[in-house]
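Chains as they are written, first to last, in our numbering: chain A, 1 to 501; chain B, 502 to 943.
Subject to a maximum C-alpha distance of 27 Å in a straight line, what follows is the list of computed DSS-like cross-link-like pairs (lysine-lysine):
1) B:Lys507 - A:Lys374
2) B:Lys542 - A:Lys127
3) A:Lys7 - B:Lys507
4) A:Lys493 - B:Lys802
5) B:Lys783 - A:Lys493
6) B:Lys507 - A:Lys6
7) A:Lys487 - B:Lys783
8) B:Lys912 - A:Lys315
9) A:Lys48 - B:Lys730
10) A:Lys28 - B:Lys849
11) B:Lys749 - A:Lys31
12) B:Lys802 - A:Lys405
13) A:Lys374 - A:Lys6
14) A:Lys48 - B:Lys872
15) A:Lys487 - B:Lys820
16) A:Lys374 - A:Lys454
17) A:Lys27 - B:Lys749
18) A:Lys300 - B:Lys542
19) A:Lys199 - B:Lys820
20) B:Lys849 - A:Lys27
21) B:Lys911 - B:Lys687
22) B:Lys849 - A:Lys493
FYI, nobody ran anything at the bench for these hints, they're computed from the structure.
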Amino acid sequence: MNSKIKKATTHISQNEGLIFEKSSPGKKAYKLPSLDVPAVDVDQILGKAAREDLGQMPEVSEIEIIRHFTRLSTWNYAVDHGMYPLGSCTMKYNARVNETVARLGGLAEAHPYQPERISQGALRIIKMLSDQLIEITGMDAITLQPAAGAHGELTGILLVRAYLESQGNPRKKILVPDSAHGTNPATAAMCGYAVENLKSNAAGMVDMASLEAQVNEDVAALMLTNPNTLGVFEQEIHKIADVLHAKGALLYMDGANMNALVGKVRPGDFGADVMHLNLHKTFSTPHGGGGPGSGPVACKKILEPFLPTPVVITKPDGTLGFDYDRPQSIGRVRMFYGNFGMFVRALAYIMANGPEGLRQTTEDAVLNANYIRKHLQGFYELPYDTPTMHEVVFSDRIQTRKGIKTGDIAKRLIDYGFHPYTVSFPLVVPGALMIEPTESESKEELDQFIDAMKQIAREAEESPEIIADAPYHTRVTRLDETAAARKPVLRWKPQGELVAK
Amino acid sequence: MRYLPKSQSDREAMLSDIGVKSVDHLFAAIPEEYRLAGDLKIPRSYAESEIVEFFRDRAAENGQGYATFLGAGAYSHYRPVVIDALVSRGEFFTAYTPYQPEIAQGTLQSIFEFQSMICELTGMDVANASMYDGSTGAAEGLMMAVRVTGRHKSVIATSVHPEYREVITTYARHQGMPLATVAHDKNGRVDLEALDKAVDSETAGVLIQSPNFFGTIEDVAAIADIVHKKGALLVVSIAEAVSLGIVKPPAEADIVSLEAQSFGVPLGFGGPYCGVMATRDKFVRQMPGRLVGETADRNGKRGFVLTLSTREQHIRREKATSNICTNQALVALMCNIFMTIYGREGLKELAQQNLAKAHYAAEQFKKSGAKLMFDGAPFFNEFVIQTKDDPHNINDRLLEQKIIGGFPLKKFYPELGNASLWCCTETTTRASIDAAAKEVAR
Numbered sequence: 001m002n003s004k005i006k007k008a009t010t011h012i013s014q015n016e017g018l019i020f021e022k023s024s025p026g027k028k029a030y031k032l033p034s035l036d037v038p039a040v041d042v043d044q045i046l047g048k049a050a051r052e053d054l055g056q057m058p059e060v061s062e063i064e065i066i067r068h069f070t071r072l073s074t075w076n077y078a079v080d081h082g083m084y085p086l087g088s089c090t091m092k093y094n095a096r097v098n099e100t101v102a103r104l105g106g107l108a109e110a111h112p113y114q115p116e117r118i119s120q121g122a123l124r125i126i127k128m129l130s131d132q133l134i135e136i137t138g139m140d141a142i143t144l145q146p147a148a149g150a151h152g153e154l155t156g157i158l159l160v161r162a163y164l165e166s167q168g169n170p171r172k173k174i175l176v177p178d179s180a181h182g183t184n185p186a187t188a189a190m191c192g193y194a195v196e197n198l199k200s201n202a203a204g205m206v207d208m209a210s211l212e213a214q215v216n217e218d219v220a221a222l223m224l225t226n227p228n229t230l231g232v233f234e235q236e237i238h239k240i241a242d243v244l245h246a247k248g249a250l251l252y253m254d255g256a257n258m259n260a261l262v263g264k265v266r267p268g269d270f271g272a273d274v275m276h277l278n279l280h281k282t283f284s285t286p287h288g289g290g291g292p293g294s295g296p297v298a299c300k301k302i303l304e305p306f307l308p309t310p311v312v313i314t315k316p317d318g319t320l321g322f323d324y325d326r327p328q329s330i331g332r333v334r335m336f337y338g339n340f341g342m343f344v345r346a347l348a349y350i351m352a353n354g355p356e357g358l359r360q361t362t363e364d365a366v367l368n369a370n371y372i373r374k375h376l377q378g379f380y381e382l383p384y385d386t387p388t389m390h391e392v393v394f395s396d397r398i399q400t401r402k403g404i405k406t407g408d409i410a411k412r413l414i415d416y417g418f419h420p421y422t423v424s425f426p427l428v429v430p431g432a433l434m435i436e437p438t439e440s441e442s443k444e445e446l447d448q449f450i451d452a453m454k455q456i457a458r459e460a461e462e463s464p465e466i467i468a469d470a471p472y473h474t475r476v477t478r479l480d481e482t483a484a485a486r487k488p489v490l491r492w493k494p495q496g497e498l499v500a501k
Numbered sequence: 502m503r504y505l506p507k508s509q510s511d512r513e514a515m516l517s518d519i520g521v522k523s524v525d526h527l528f529a530a531i532p533e534e535y536r537l538a539g540d541l542k543i544p545r546s547y548a549e550s551e552i553v554e555f556f557r558d559r560a561a562e563n564g565q566g567y568a569t570f571l572g573a574g575a576y577s578h579y580r581p582v583v584i585d586a587l588v589s590r591g592e593f594f595t596a597y598t599p600y601q602p603e604i605a606q607g608t609l610q611s612i613f614e615f616q617s618m619i620c621e622l623t624g625m626d627v628a629n630a631s632m633y634d635g636s637t638g639a640a641e642g643l644m645m646a647v648r649v650t651g652r653h654k655s656v657i658a659t660s661v662h663p664e665y666r667e668v669i670t671t672y673a674r675h676q677g678m679p680l681a682t683v684a685h686d687k688n689g690r691v692d693l694e695a696l697d698k699a700v701d702s703e704t705a706g707v708l709i710q711s712p713n714f715f716g717t718i719e720d721v722a723a724i725a726d727i728v729h730k731k732g733a734l735l736v737v738s739i740a741e742a743v744s745l746g747i748v749k750p751p752a753e754a755d756i757v758s759l760e761a762q763s764f765g766v767p768l769g770f771g772g773p774y775c776g777v778m779a780t781r782d783k784f785v786r787q788m789p790g791r792l793v794g795e796t797a798d799r800n801g802k803r804g805f806v807l808t809l810s811t812r813e814q815h816i817r818r819e820k821a822t823s824n825i826c827t828n829q830a831l832v833a834l835m836c837n838i839f840m841t842i843y844g845r846e847g848l849k850e851l852a853q854q855n856l857a858k859a860h861y862a863a864e865q866f867k868k869s870g871a872k873l874m875f876d877g878a879p880f881f882n883e884f885v886i887q888t889k890d891d892p893h894n895i896n897d898r899l900l901e902q903k904i905i906g907g908f909p910l911k912k913f914y915p916e917l918g919n920a921s922l923w924c925c926t927e928t929t930t931r932a933s934i935d936a937a938a939k940e941v942a943r
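Extracted from the complex, chain A is given alone in its bound form:
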């Protein structure tokens, strides 16, 4: 192990096969209670719908299950291990109290169709979170129904479409900047809109001349991430909104980067008409290895009549209930009411912070990104020197002279004990290194990260071959992704069956 690597060292990790490979007939990890009603004849009841057997489902004992998943877990890197600077992902600390309260019996065991009179606690949580997110975004109304950010985008653009239809013309196009997340154009397409790209200017912001040239009566909305994926605040945001509004188009704000704004500025105040939030980014609900997320959509008054049903309202008797009678609604985007368990966690996070805590959180997130920028500038090329908010984007231009690309630097960072940054995104920066530290990193952790990045920059100059083969200290080395895609093996099959084929 390289003596310059300070944060991490190697240690033994357990090998573990697939769960199917541990299975043998008769092993059990369950015990059902004794049946207090008469047993039934399955074949007689189900007839030809009865299932013969469960094929290759595993049969294992409880201790094997505990060890299996514990061993697997130790092969993951996680926020709990250290800095996880994935740009645009906001990998912040996931407070444990959030997990505790989300698992309280009365909340975790509540059926979505149980009577409203015994659901007042859950309804109050929905109402409180709604109210607080409205205040944080400066909007007028909100739905918590969307299950994730992209689902929120879909909901938001459907709101735009429904509103424009009510004005007589749904229009044809959505404008998407070249720095946008892939979900933006994919969403626009699902809502029946053509996608038109919008150029960035030399400062990494929306090019006003292009915008003015492209906005016309065919444009339904601009989908804009602010700060954008370069970590740059769109300084002319009010003019952008004005240009759109003057032609009857709306401003959709992708709230993926809201961690740069909470408590400092509100999208509703600077002209956004509709936006989604990612509770799994800004509001600390865990990423869980890819989900679940939650993507509330907040909007201005003009879009409120179109929100998905149902909406939580206060009834004449003072209790809370669901309102399904919304004739202009776009309809449901998900069954029931959304990822309620995530609402509980997000509300617990907001309560733990309060107004001062949320503001300090944002300030620390921006401070951390700027601190990294200051110390790595010169070692890595900074393609845009516009002020940085919560994330900073470098490029691999200096390192490519030695044949080292952003993906290689990322793999080498793993050996130094860090999770890589976001690789090759945004697309407007060739060879991008997109670094978002979040507020959850101490100065000490940041200094270690900066040291590691500088060390890798030196390696790229002096011995690039080291980087090209990294990582060295992981359970597996670089995996053959081409082979995985060319001949996909997407499920386990017993050995005999593979041989037979």
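The hints should help you fit chain B onto chain A, whose structure is shown.
Just chain B, lined up with the frame of chain A:
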């Protein structure tokens, strides 16, 4: 703030390194007129103990300790404690999507196992890493059928969960996907003659649910024959995953959209749950969502990676199969652990208990004078009864005994009058069934 790992002197040292006097300089890019002058109007910061107390109070307002006969798309099954013990490991729940496979093998291997077990249970060749839930998964299933067939129309059975149908209506509206419905027959199942008429040469996909919203098991093979004869694809939605323990998998389907909440996921007032889509090998490139595949590293060691991502939005943008990005990974892990715990024998035994309880309840309700509807077709753990009294009145009386009664169907099916949908699982006791039987009689 206790989540922030910095002292004031750390902050000052960092600001001085950056070369600015105060943190406000870092926000100078935001036009001053928009910067907040004061505090957000939200409650002051709470201590951890206060947060716990606050949510305990909300949980208490929600009512606890009720026996329930509610199903209708969300099922009350026992959750083995091992599930939360394992998913509470920070290595799982504080990790991101496994885009860096060298340090995400735990997540990747567990998803590979999940995909494998879903294939085993549904009779399909390939399953994805998860969808948001059963309702959006069903919508995506029909959109996939459109891509595969190049046709545009879809037919949906009225016996599919009404909220699923509402979601599909929202999704389909602007995608040039006309929707038609096909009614249920006297047994609560898809009317085969009507189906034959509804499906034509422009139909891309037909969506059914089995067991369906009324709890009855559809004749999937007969439906598949009709659908396939017209060159359309059959999408089968399964809302009660435990049924797969004893009900024949819909092997004749082209796409299966499963809601796996029954596999160890808390009811949680409706979410997060776990949708998952499964299909035939030949359709995999039209499937939405993430997929994990097996491969090898440079030393030939087995490992797993996200694969076939050229279907997805981060590569294909507006031409992607779907806009889905974040899915339900940690919930899929819960399902994975649940399936592993019960396994080959346990899932069968569990399903048998559900079947026995529901059939005992149906018998008792009948004896009390309620009419069992749709009784010409087999049912799993849900069934519909018709009562003299309005089911809301029955439920009001039961609530006083700390029992939540069945789901009144009038809201979605006004023509069914006083019909209600009752669900029994392994957690339903004989005592609560007997108590409910007394009330449905009145």
